[in-house]
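Asker: Each chain, written out:
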Amino acid sequence: MELREKILSSYVAFEDSVNINSDLHEIRTKALQNFEKLGFPTKKLEAWKYTSLNSILKEDYSIFPDRDSSVELADVKKYFIHEIDSYKIVFVDGKYSSFLSSTTHDGKDVCLLSAAFSKDKYRPVIEKYFNKVAKQDNLTSLNTAFASEGAFIHIPKNVEVEKPIQIINFNTGKENAAMLQPRNLIIVEKNAHVQIIERHQNLNSNAVLTNAVTEIFTDTHATVDYYKIQNDNENASLVDNTYIEQQKESTCSVHTFSFGGNITRNNLNFYQKGEHINSILKGITIIEGKQHVDHHTLVNHIEPNCESHQDYKGIYADRSTGVFNGKVIVEKEAQKTNAYQQNNNILISDKATINAKPQLEIFADDVKCSHGCTIGQLDDQALFYMQQRGIPKKEANALLMYAFANTVLESVKIPEVKKRITKLIANKLGVNIGFEL
Amino acid sequence: MLKIENLHAQVEDKDILKGINLEVKAGEVHAIMGPNGAGKSTLSSVIAGNETYEMTSGSIELEGVDISELAPEERAHAGVFLSFQYPVEIPGVTVTNFIKTAINESRKAKGLEEMPAKDMLKKIREKSELLEIDRKFLSRSLNEGFSGGEKKRNEIFQMAMLEPKLAILDETDSGLDIDALRIVANGVNKLKSKDNAVVVITHYQRLLEYIVPDYVHVLHNGKIVKTGDASLALELEEKGYDWIKEEANS
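First to last, the sequence lines map onto chains U and G.
Per the working numbering, the very first residue in the first sequence carries number 1; after that it's consecutive.
Per the working numbering, the very first residue in the second sequence carries number 1; after that it's consecutive.
Chain U with its partners taken away, still in its complex shape (with noise of 0.2 Å):
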């Protein structure tokens, strides 16, 4: 049976483990329909013009993964940014752990989709936020209508949470291959700020396809810091979509380190819907074999007086291939807008792809918007200079790609996560290097 077959035929068991008398199901299974006309995303879209799917539509997933599996701490631990104190949100297969999760509900709520959409006092928010940024498309309508699990995140006006959210997803892989569908909800109030750290990781062999969607409200002079890391083993495909909804003063954060994985598409969008609003939208990717990464940004300025600042930094070694498709909208009201995009990639073998389209669709006429692109190689006088100080060749390669990446590490905000990623990247070059990088 198709992938797409089924999915629609299981639609009727998972209406079993939810509750169908209700506005949320509505939504659900107005998603469903919108799934089955649009079916999956084929090269034939605009969007998808770079990135096939039809590779890993093949796998036999399993719709709903066994639940029963547990994981022990000390196996995982490594995948969590363990050196600082944080909240954790950890799903196992699609379902929560309470063991390896550390939530709150004291002066701010840090738990699950699933208990915020079958608590009454939850109702107003949901009501309000659940499915209202997410784009209508394919791919997130097929996470709306199995949209039972993932994190809820709901901050106060004028909390400032005092340590960083974890979300963390494991698939154990059990099952011969997986699909899931984690779906985050994140609402910041009024001058509230949070910062949140997500990651996927496969623990298995299997292939897993992870179809996310998370929806993050920052309400007026709210700040929300958010950092991806995808470094997940080369069985695992994600597919992320995230919507941003920005009110006036706010600022917003996505940094997206993609290290690792069979095929990784982000689809980031942001909307400005006040005045003097910042978004930021920064990536490192690296990656290596046959593995796939793609970038679809989209920040739709929609008012006046606000920014954006895009930093995206590739390395593609052997045969991978990248793609970065920024579209900035500039709307006739957006007036004194400032969007700055900058892409850059190195090409590390001649067998390494890139396909880079900044897009700007421009409508007012007092603005700034600038991009860069450029696609080249490492710098052969760097690296000459470098080895002349007695720096071997694959050593000044890793400091010259790191060098090449730092405008993006500078921006990270969290320590910890900045040591993490720079590790990474050691890891990734294959070097060790006498200092922290």
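The set of hints was computed from the structure by calculation and includes no laboratory data.
These numbers were taken from a predicted model, which means no experiment stands behind them.
Hints are all accurate, no fakes.
Quick list of in silico lysine to any residue cross-link-like pairs, SDA-like style, CA-CA up to 20 Å:
id, chain 1, residue 1, chain 2, residue 2
1, U, K419, G, T94
2, G, K245, G, N221
3, U, K423, G, P91
4, G, K108, U, V431
5, U, K393, G, H77
6, U, K394, G, E114
7, U, K394, G, P91
8, U, K393, G, E51
9, U, K413, G, G92
10, U, K393, G, A109
11, U, K393, G, E74
12, U, K419, G, S139
13, U, K418, G, P91
14, U, K419, G, P91
15, U, K394, G, K110
16, U, K418, G, S139
17, U, K393, G, G111
18, U, K393, G, G79
19, U, K394, G, E51
20, U, K419, G, S141
21, U, K394, G, E74
22, U, K418, G, G92
23, U, K413, G, S141
24, U, K428, G, G92
25, U, K423, G, G92
26, G, K151, U, A382
27, U, K419, G, G92
28, G, K151, U, D379
29, U, K394, G, H77
30, U, K394, G, L70
31, U, K394, G, E89
To spell it out: a stretch of chain U is covered by chain G in this simulated footprint if at least three of its residues, at any positions, have a beta carbon under 8 Å from a beta carbon of chain G; those stretches are:
id, region
32, 377–385
33, 389–399
34, 407–418
With the C-beta cut set under 10 Å, the calculated list includes, among others, these residues of chain G facing chain U:
id, residue
35, G49
36, R75
37, A76
38, H77
39, F84
40, I103
Using N, Cα and C, we set each Cβ at its ideal position, and we do this for glycine too.
Got chain U sorted already, so can you dock chain G onto it with the hints?
Answerer: Chain G alone, transformed into the frame defined by chain U:
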């Protein structure tokens, strides 16, 4: 120390060096001068092993060992240091971390343990004082946003830390004001000993007022066409290079 015989080198099939012979003994300072395009920078790059240049014949010996087949880092480990005309910027890597890596990679290549942190710090302190370098400067990203003078001073600082046997200063005077020039030159003079050697590559005589050479060689069209003592540099300053060209061509 350094012995170059019949050195030919080309870049993109164009002959640049056409038979260089040069011997530099320990304790000596040699200056290589010449008009633009004579091959001065090519010579320094070829000695240091820059793979952009292809050495087509001849030999380069350091302390009796042919280094012409070695990788640039191996030549560095053997004691060759080249101060760059245009040092490279490396964001995110501090001067201190860079020099630590350089020193420890060199020690690793010689089978030595890493230098203990306290010795490293002591050495950094000594050498930065010697070159009148502000300590704050050492925690900045290597060469990033440095002025021309700071870059050159940083090159000499690295030279002081690495203690090479043969130091080649490629146009170290360019972009330096007179005070920076004096500091850099003083640094080089303090580092000079009977066991090492310095080759100064320069277009002008200015730097040679401070670093006084034992020999001055004039490079023209890929060959050393004249060799003399420090007075030759003064003569060149006064008369320019045209008479050298004429002499060489006749």
